[in-house]
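K.L.:
In case you want the letters, here they are:
There are 2 protein chains.
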Amino acid sequence: MDKTDKIGQEIEDNGFDGFLLQGNNSSTDLYYLTSFEAPDSFTYLRAQGKDIILVSPLEKGRADEEAEVDEVVSTSRYKKGDNREDQDAKRDILKQFLEDYGVKKLEVLEDFPLGTAEKIRSKGIEIGTVENKVIEARKIKSKQEVEYLRESQKATERAMEKAKSMIEKSDVKVGKLYYEGEVLSSEKVKREIKIFLLDQGYQLPEETIVACGRNSAKPHDTGEGVLEAGEPIIVDIFPRSGEKYFGDMTRTFVKGGAPEELKKMKQAVLEAQEEAFKLLKQGPTVKASEVHGKVCEVLEEHGYRTLRSDPDTDSGFIHSTGHGVGLDLHEAPRIGDKNEDLEPGMVVTLEPGLYIPDIGGIRLEDMILITEDGYENFNEMSKEMRIT
Amino acid sequence: MDKTDKIGQEIEDNGFDGFLLQGNNSSTDLYYLTSFEAPDSFTYLRAQGKDIILVSPLEKGRADEEAEVDEVVSTSRYKKGDNREDQDAKRDILKQFLEDYGVKKLEVLEDFPLGTAEKIRSKGIEIGTVENKVIEARKIKSKQEVEYLRESQKATERAMEKAKSMIEKSDVKVGKLYYEGEVLSSEKVKREIKIFLLDQGYQLPEETIVACGRNSAKPHDTGEGVLEAGEPIIVDIFPRSGEKYFGDMTRTFVKGGAPEELKKMKQAVLEAQEEAFKLLKQGPTVKASEVHGKVCEVLEEHGYRTLRSDPDTDSGFIHSTGHGVGLDLHEAPRIGDKNEDLEPGMVVTLEPGLYIPDIGGIRLEDMILITEDGYENFNEMSKEMRIT
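These protein sequences, in sequence, are chains A and B.
Counting with the numbering used here, you get residues 1 to 388 for the letters of the first sequence.
Counting with the numbering used here, you get residues 1 to 388 for the letters of the second sequence.
Hints are not guaranteed to be accurate.
Under 8 Å between C-beta atoms, here's a sample of chain A residues computed to sit facing chain B [as the list claims (entries may be wrong)]:
| id | residue |
| --- | --- |
| 1 | S26 |
| 2 | A38 |
| 3 | P39 |
| 4 | P57 |
| 5 | L58 |
| 6 | P113 |
| 7 | L114 |
| 8 | G115 |
| 9 | A117 |
| 10 | T129 |
| 11 | K194 |
| 12 | P205 |
| 13 | E206 |
| 14 | H220 |
| 15 | I318 |
| 16 | H330 |
Footprint (simulated), chain A over chain B, 3 or more residues, beta carbon under 8 Å [unchecked claim]:
| id | segment |
| --- | --- |
| 17 | 55-69 |
| 18 | 182-195 |
| 19 | 302-313 |
No lab work stands behind these hints, which were simulated from the structure alone.
Think of the CB as a built atom: it goes at the ideal place given N, C-alpha and C, for glycine as much as any other residue.
Full structure from sequences and hints, please.
P.N.:
Structure, rendered in C-alpha cells:
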C-alpha cells in the first residue's frame, strides 16, 4: 500500500468521496504526493481510487512525463486559454473537475483557502477539514528518503569543513580575520559555502548563516561584515539537494582565545546535546518533550534561562531543541515541549543553543535518524569551538 | 497616506474592525506590508489604526529591529514556550491577540486557512473575506521599487551576456558545443550564471533555465545535458536581489546555422513582440488583453497555433504574453486574455514564445515599466538568435 492508497482509504473511512490539495512549488506536500512541481498553482485530487492532477495547458506535457499520478488533466478541458490569474474561472473549473470525478463530499486540509471553500460550498459540494495527514505521513521517511537526507547532510558537513578551514587559515590583525591577505567577511564565507554546494548540485533556497559577535545572539540573523577574533561565529548551513531533501547543520567557531563566558556557554550547550543523545539511546520510547526537557534542564542547571523557566526571555535557550527535516527544512515532528512520539524512520535535528544579547550565541546542530535501538547520527564533524 | 493606511481605511469602509494576514517568508504580501520575513509563520494585524505583528519569542528581537510596524508582540505574552507547531495553542493565542486589539469582525483574504477561520468563528469572532487587496496595491510600484526592479534586470542582463559569451566562445565538434576544451552542458552555463549573480548579491530561489533542443519546447523545462549546434537554446534567468525584487529575462540562441523552421519561428516571435511594443506606445489606455491579443494575432498570421485558436494545443504559443514582476516573480497584472488595465507604475514582462514538440522553442522576454506615454524597456540586449 503506497502513501496515496493510505490517504484514499482514510477518505472513505471519514465518509468523504474525494481529497483535494492545491498549491505551487512552495507546497512540498503536493510534491510528496505527486512528484511534480510547478511555479503556478495546480490541483491534486484523490477520488475513485485514483491520483489525478489538474494543471494548466502550459504544464501538461511536463506533467505527463514527470508526475507520478494516474491521470493528468489540463484545465483547457474546461475552459479556453490560460486561466491562472482568473479566480472565478479557476473556481468554475474546479467545480466541473470535481463533478467529473463524482465528488460530492470533499475532504481538504485545514489550511485550504476559505474563499475557495465558500465558493465550492455555494455550488452544492460539501467540504470538511482534516488535520494535515500529509504532514503526518511525511514524518516517517522511506529508505530512499533516509538515503537522500544522509547524503544531503554529508554534503553539508563538507561545506562546513570548508567554512572552518577558511577561519582556520586566517590570520588575526587588530582583532580582525584576514584570509589570503584580505579581510574575511561573513559574506565571503557564505560565498564559498554556496559555490561549493552549487557544484555538488545543491540549491540554497534560504540564506546561509555566518553570524559573528552580537549577530550570533539572534538565532535567525544571517550575519554580515568582518569576522572578528575572540567572538563566536555561528555557521548554520541548510542546502537542498537535487532530490529536494535538506541538509541542516550548525557549528560555532571562535578564532583565537575565547572569553570565559563563551567557554562556559559552549560547555553547557555541548553537555545539553550529549544528555539528549544519551536519552535517545534508550530507543524510541522516549518522547520529544522529554528530550527537549532534558536539554532545558541541563542549560538551566548551568544557570541559563530557557523559555520554560522564563517565557519572556530573549536571553538563554530561546528556541526548541530540534525539528524534522525532509522536503522542508522544518517539518514534523518538533522536538519541543509537546508530547510527540519519536518513531523509527524519523529524521530530526538536535540543536541546543544559548544566546546572550551582549555577548553572542553558541549553537551545535546534528541531524539524526531515529532507529529501533536509538539513533544514527549523520554527522561526524568535531564540535570543537576554538580554532587557532 | 501609506500603503497600510489605505488598507486600514478600506477595513472600516467594509464594516470590519481588523484585517489579518498570516504567513512565513514565502508570503511576499506579508513582507510588503511589514518589511519583515521569518522562516516560521507570523501574524500581521491592522486594527485600531495600527500595524501590529505577532511573532514567536525567537523572532522578537529581530522583529523589533527590522519590522516596519507600530507594535511587535511576542506569542509569549499569551502562552509559555515555543508553540510554532501546536495548532490548537496557536488558535487560542490568535483569539486572545484579536481580543486585545478589540477585533470582533475580522476581514481576511480569500486564501485564509479554512480550519483557522472555522475555529475563530466558533469563538465568536465574525470573519469575512475580501479579494486580495495587497496584490492589488502591489501592482503599482513605488519609485523605490521601480529602481530595485531596474537594477535587478540590469544584473540579469549582464548574466545573460555571460551565458551568450560561453556559447559564442564554444567550438562545435560533431554537433556538440565545447567550451575551453570541454563539453558545454546546460548545467555548466547555469553554474556560471549562478555564481555571477551570487557575487552581485542575488539569490536564485528558482531554477534558471538553459534548455536546448526538445527540452526548449517545454516552457518550464529547466534543461540538462550537452548543448548542441543548430538547436535552440532558451536561456531564462530570474534572480532576486538583496532588496528582494526579481529580474526576469529570456533570450534564445542557436550556435551555428539554424534550420529554416527555427528561423521562421524566431521571426514570428520577434514580430509579435515588436507589435506589442507598438501598441504600448499608445500609452496606458491599452488593455492587457489587447496586447496579448495582438501577440496571438501576429503568431496566428504566421501560421502557428495559440491557446485562443486551439485551447488544447501543446504546440505554438501556449502561455500568456507576460506578467507583473516585483517581490514575486509572477504577480499581477497578467498580460493575458483578461481585460486588465495597464497603469503607469506597473512593471511587467513581455515574453511571446513558440514551442513545437519535435523542434524546440523560441522565447524572447523583456521587462518594461508602463509610463504615462508608453513604456520604458529595462533591457538593452540584442535579440539576435544566431551565434557563430
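K.L.:
So which of those numbered hints doesn't the model satisfy?
P.N.:
none
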